[in-house]
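*Asks:* Protein sequences, first through last, are from chains A, B and C. Numbering of the first sequence is given in the working numbering, commencing with residue 139 and proceeding in unit increments. Numbering of the second sequence is given in the working numbering, commencing with residue 26 and proceeding in unit increments. Numbering of the third sequence is given in the working numbering, commencing with residue 501 and proceeding in unit increments.
Hints were generated in silico from the structure; no laboratory data involved. Misleading hints may appear alongside valid ones.
[What the hints assert, rightly or not] Which chain B residues stay away from chain C? Per the calculated CB distances, all over 10 Å, these: (1) Gly82; (2) Tyr84; (3) Pro405; (4) Tyr531; (5) Leu577; (6) Ala620.
[What the hints assert, rightly or not] In silico DMTMM-like links for lysine to aspartate or glutamate, alpha-carbon gap of 25 Å or less: (7) B/Lys454 - B/Asp319; (8) B/Lys187 - B/Asp319; (9) B/Lys388 - B/Asp319; (10) A/Lys158 - C/Glu504; (11) A/Lys286 - C/Asp557; (12) C/Lys596 - A/Glu317; (13) B/Lys621 - B/Asp608; (14) B/Lys52 - B/Glu181; (15) C/Lys590 - A/Glu317; (16) B/Lys386 - B/Glu463; (17) B/Lys52 - B/Asp132; (18) B/Lys130 - B/Glu181; (19) B/Lys556 - B/Asp376; (20) B/Lys187 - B/Asp376; (21) A/Lys261 - C/Glu504.
[As the list claims (entries may be wrong)] Among chain B residues calculated to face chain C with C-beta under 7 Å, some are: (22) Gly636; (23) Tyr637; (24) Gln639; (25) Leu643.
Each residue gets a CB set at the ideal place from its N, CA and C atoms; glycine is no exception.
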Amino acid sequence: MNGLIQLLNSHGIPQDFVIKAAFYFIATLTLVFALFVVLSRHIFRAAVYLAVVLTCIACVYLFLDAEFLAVVQVLIYVGAIVVLFIFTVMLTADIDSGTFAGTLRRMSVAAVASLAIFFILFKVINMVTAWKTAVPAGVSINLSQLGKSLMTGYALPFEVISLVSLAALVGALVIGKAEKR
Amino acid sequence: MVNLAHLIPVFPFAAFVVNILFGRRVKKFSAIVSISASVVSLCLSIYTLVCFLKGQGSYSLFEWLIFGGVSLNIGVIVDPLTCMMLVVVTTIGTLIQIYSIGYMKGDTRFSRFFAYMSLFMGSMLGLLLADNFVMLYIFWEGVGLCSYLLISFWFERPSAAKAGMKAFITTRIGDTGLLIGIFILIFSAHTVYFSELGNLGAGPLFTAAALLIFCGAVGKSAQFPLHVWLPDAMEGPTPVSALIHAATMVAAGVYLVARCFVLFSSHGAALITVAYIGGITAFFAATIAVVNNDIKRILAYSTISQLGFMMMGLGVGGYSAGVFHLMTHAFFKALLFLCAGSVIYSIGTQDIQKMGGVFRKMKITGLTLVIASLAISGIPPFAGFWSKDEILSEILKNGHPFLFVLATVTSLLTAFYMFRLVFLVLFGKSRSEIHPHENSAVMTIPLSILAVFAIFIGLVGSPFMNNAFQNFIYPHKVESMKPDYAVMGFSTLLAVLGIGVSYLLYIVKINIVPQNVRKVFVPLYNLVYNKYYVDEIYAFLFIRPTMRLARLAFKFDLGVIDGTVNGVAKLTVILSKIAAWIDRYIVDGAVNMTAKIVGIFSLVLRRTQTGYIQTYLLIAFFGLVIIIFVKLIIGG
Amino acid sequence: MIPESHFLMLGAALFSIGVFGVFTRRNAIGILMSIELILNAANINLITFSKFSASPDGLGQIFALFVIAIAAASAVVGLCLVISIYRNSKTILVNKINLMKW
Numbered sequence: 139m140n141g142l143i144q145l146l147n148s149h150g151i152p153q154d155f156v157i158k159a160a161f162y163f164i165a166t167l168t169l170v171f172a173l174f175v176v177l178s179r180h181i182f183r184a185a186v187y188l189a190v191v192l193t194c195i196a197c198v199y200l201f202l203d204a205e206f207l208a209v210v211q212v213l214i215y216v217g218a219i220v221v222l223f224i225f226t227v228m229l230t231a232d233i234d235s236g237t238f239a240g241t242l243r244r245m246s247v248a249a250v251a252s253l254a255i256f257f258i259l260f261k262v263i264n265m266v267t268a269w270k271t272a273v274p275a276g277v278s279i280n281l282s283q284l285g286k287s288l289m290t291g292y293a294l295p296f297e298v299i300s301l302v303s304l305a306a307l308v309g310a311l312v313i314g315k316a317e318k319r
Numbered sequence: 026m027v028n029l030a031h032l033i034p035v036f037p038f039a040a041f042v043v044n045i046l047f048g049r050r051v052k053k054f055s056a057i058v059s060i061s062a063s064v065v066s067l068c069l070s071i072y073t074l075v076c077f078l079k080g081q082g083s084y085s086l087f088e089w090l091i092f093g094g095v096s097l098n099i100g101v102i103v104d105p106l107t108c109m110m111l112v113v114v115t116t117i118g119t120l121i122q123i124y125s126i127g128y129m130k131g132d133t134r135f136s137r138f139f140a141y142m143s144l145f146m147g148s149m150l151g152l153l154l155a156d157n158f159v160m161l162y163i164f165w166e167g168v169g170l171c172s173y174l175l176i177s178f179w180f181e182r183p184s185a186a187k188a189g190m191k192a193f194i195t196t197r198i199g200d201t202g203l204l205i206g207i208f209i210l211i212f213s214a215h216t217v218y219f220s221e222l223g224n225l226g227a228g229p230l231f232t233a234a235a236l237l238i239f240c241g242a243v244g245k246s247a248q249f250p251l252h253v254w255l256p257d258a259m260e261g262p263t264p265v266s267a268l269i270h271a272a273t274m275v276a277a278g279v280y281l282v283a284r285c286f287v288l289f290s291s292h293g294a295a296l297i298t299v300a301y302i303g304g305i306t307a308f309f310a311a312t313i314a315v316v317n318n319d320i321k322r323i324l325a326y327s328t329i330s331q332l333g334f335m336m337m338g339l340g341v342g343g344y345s346a347g348v349f350h351l352m353t354h355a356f357f358k359a360l361l362f363l364c365a366g367s368v369i370y371s372i373g374t375q376d377i378q379k380m381g382g383v384f385r386k387m388k389i390t391g392l393t394l395v396i397a398s399l400a401i402s403g404i405p406p407f408a409g410f411w412s413k414d415e416i417l418s419e420i421l422k423n424g425h426p427f428l429f430v431l432a433t434v435t436s437l438l439t440a441f442y443m444f445r446l447v448f449l450v451l452f453g454k455s456r457s458e459i460h461p462h463e464n465s466a467v468m469t470i471p472l473s474i475l476a477v478f479a480i481f482i483g484l485v486g487s488p489f490m491n492n493a494f495q496n497f498i499y500p501h502k503v504e505s506m507k508p509d510y511a512v513m514g515f516s517t518l519l520a521v522l523g524i525g526v527s528y529l530l531y532i533v534k535i536n537i538v539p540q541n542v543r544k545v546f547v548p549l550y551n552l553v554y555n556k557y558y559v560d561e562i563y564a565f566l567f568i569r570p571t572m573r574l575a576r577l578a579f580k581f582d583l584g585v586i587d588g589t590v591n592g593v594a595k596l597t598v599i600l601s602k603i604a605a606w607i608d609r610y611i612v613d614g615a616v617n618m619t620a621k622i623v624g625i626f627s628l629v630l631r632r633t634q635t636g637y638i639q640t641y642l643l644i645a646f647f648g649l650v651i652i653i654f655v656k657l658i659i660g661g
Numbered sequence: 501m502i503p504e505s506h507f508l509m510l511g512a513a514l515f516s517i518g519v520f521g522v523f524t525r526r527n528a529i530g531i532l533m534s535i536e537l538i539l540n541a542a543n544i545n546l547i548t549f550s551k552f553s554a555s556p557d558g559l560g561q562i563f564a565l566f567v568i569a570i571a572a573a574s575a576v577v578g579l580c581l582v583i584s585i586y587r588n589s590k591t592i593l594v595n596k597i598n599l600m601k602w
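Isolated chain A (complex conformation) (with noise of 0.2 Å):
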């Protein structure tokens, strides 16, 4: 981000117009095709649409000045997850399976409780007035760092995750094995 906004700054382009009106088609996108996902008929359309979100959500990741994780998202998944989505969409055959999910009682019910909890996490997000608008100076994460404490202050979890991808390939075998005749 920061390299961004000399880039931006070297050209006289004003930075803070341009940054924020940026985020905040992005940020649109994201919703947008969110709510695609979300309300879609075609299940295949929606692997699609999740697809277009999480590559949103890596831009975010970048205005947030998290490079190696805006990679590592697209990479994992969107590279990843979303083809497996589409892999098992297409194993199982019912790609037009007509209308989602029922009935306008069971939505509308939906519909209530999401708007409940997004309504609590306004609220609880508004009461705090010590929101910071820049980043507080002197901070700033470089992979070197990131790697390093990954390898030594937070190796124990590294580890675990290695075991829980571990547990999820036998089980995922297990559970995906066909069936003798």
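Based on the hints, put chains B and C in the right spot on chain A.
*Replies:* Structure of chains B and C alone, referenced to chain A:
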């Protein structure tokens, strides 16, 4: 000398117990048990008499109760009156029980008869031996009970049952007076002993007590106005009539007055009342006997009349005269009744108009009957003459002219009606269908023995033996007893006159009264024949209101008490119906409603178990939201 | 430039959309996709806090990394389950898979 007097009543009581408990098994033997007990008592009585003559007196046995400031000892009185009465009662009792073996032969309740007879003997002897009012009263009630049991012995006959009740209730009225008199003595004089009656002194309270005690005697001895039970008591078997209602129990009243003579003689008003009631009764009963046709009832009224004589004798102050007549009367009245029983047993009817010419077939019975009738009429030298004559001379000596007239007229009537009975029953043409025949020895031998007594017993009080009896009975008399020849002659004349008129009317059958005069007497005849309507008057005055009260009480019991019980039952039914309603609608309703509520809830709650994961998730999520919401609002 | 609260608001909105999707979609895969949305919203929050915090240790980013890993594992297992269910009952519509109903 050993004190054995208190054992005298024990043997008859033991015989009663044996006969009641074992009588059913040893039917014929029960008579022997009773009679042997009686004989033992007789021997003991004679022994007691001998002991008394040798100087023994009353003695006490043990202390029983303390009440009202009086200490009650159970004791035995041994004095001339008691000794004489003991011998008389046991002798006559034994003879009558022997006679009953023949009279009651074949009766289904043979042994029970002898049991009751023994109970009576025991009670009577106890009464004679009692030395205080309380013991006397106990045995007084005992003889009353036996009288009731024996009168209604053949209780299948409604007339016998009614007669028993009548006897008991009528004597009860007298007994109540006696009881009140005893209470007066207890609470004002603090004594119940006969020996202390002399220490009381005069006073209206004691006069009242004496009169009340005399009430008891009036009831028991069937004096006017409580005489109504004795004629009806003839419903019982004839030996019962002989023993109880002629010789002994009815004499208990006279005995009581004699026993309390000290109390009566110190209260002149009471004494004169005794005399007048005795006199009125004697005359009144004799008039009824003149026109009666039932052999036993004639004898019953005769008993009432003779008891009146005795009361008269005592009432004018002639203690020994009254007691003398008591003794002689016991023998010849018992004999009269046994003869009547003998005749009834063989002929089968009690109506003298239906009898006649019995003498030809029943010689012994006839002869003894004549002897007894001569005795009661007062023909010398038979027993009744001496005693009746004593009474007449006492009345005259003590200056009661009205009573003397009554007594002489009564004697005349007595002779008349007794020989009316003799002539109608024994002589003349036989008017009955059944031919009589003489009875067995077991019945005729007692008759003969009693006849001997009837002839000779009077002599112990006659001038020939220097009035030994009177001196024995009443040793306090200081003046010598000169025989009053005028009275003797006069009374004999009356007796002969009575017999003569009776002979003329019933044997020769002349009509001394012309027809139209006779018509005038018809209402009088009806009055006397119906016993002066005394029973009807009593029924109207006392019996009907009492029955009405009883019926009212019965209706009350039926309506109110039974009604209450039924009402309670109905209330219970109503309560139970309410309880059933409550149980069915409220309790069951509550239970059902609970079930329905559960059903409704389940209908609603069933929706949550959809099986869809999304539903479950939704619910969980809502829970979370609500928790956070609440924390937000409250926690702030 | 961009205040922290805006990022958080974005995260909140994405979260509620994801919640809506979990309760609404009939297709099992659709539900899993909505779950991914939720996880991503959480990630946004984490990274925002990491960026705006005073200490320079990048804890939020590390946490977000782990979340991505976990999300991947869960998606894998979930999808395997979906395939298995499809094999058994020939349908992946959750309103038809209601064997747990009484």
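*Asks:* Is the interface hint for B/Gly636 satisfied, with its Cβ closer than 7 Å to some Cβ of chain C?
*Replies:* Holds: closest Cβ of chain C sits about 3 Å from B/Gly636, inside 7 Å.
*Asks:* Classify the label on B/Pro405 as holds or violated, using whether its beta-carbon is more than 10 Å from each beta-carbon of chain C.
*Replies:* Label holds. Min Cβ-Cβ 132 Å, cutoff 10 Å.
*Asks:* Mind checking the alpha carbons of B/Lys556 and B/Asp376 for me, to see if they're no more than 25 Å apart?
*Replies:* Satisfied, since the Cα-Cα distance of roughly 17 Å is no more than 25 Å.
*Asks:* Holds or violated: B/Lys388 and B/Asp319, Cα atoms, limit 25 Å.
*Replies:* holds (22 Å)
*Asks:* Regarding the pair B/Lys52 and B/Asp132, is the alpha-carbon distance no greater than 25 Å?
*Replies:* Roughly 10 Å separates the two Cα atoms, so the pair holds.
*Asks:* Was B/Gly82 rightly flagged as not at the interface, with every chain C Cβ beyond 10 Å?
*Replies:* Holds: least Cβ distance 115 Å, greater than 10 Å.
*Asks:* Checking one constraint from the list: CA of A/Lys286 to CA of C/Asp557, max 25 Å. Satisfied?
*Replies:* With a Cα-Cα distance of about 11 Å, the restraint between A/Lys286 and C/Asp557 holds, given a limit of 25 Å.
*Asks:* Quickly compare the C-alpha distance for B/Lys454 and B/Asp319 to 25 Å and report which way the hint goes.
*Replies:* holds (18 Å)
*Asks:* Given the proposed pairing of B/Lys187 with B/Asp376, does the C-alpha separation stay at or below 25 Å?
*Replies:* holds (21 Å)
*Asks:* Given the hinted pair B/Lys187 and B/Asp319, is their Cα-Cα distance within 25 Å?
*Replies:* It holds: about 18 Å lies between the C-alpha atoms, which stays within 25 Å.
*Asks:* Please verify that the nearest CB of chain C lies beyond 10 Å from B/Tyr84's CB.
*Replies:* holds (108 Å)
*Asks:* Is B/Lys386 close enough to B/Glu463, meaning Cα to Cα at most 25 Å?
*Replies:* holds (6 Å)
Of the numbered hints stated above, none is contradicted by the structure.
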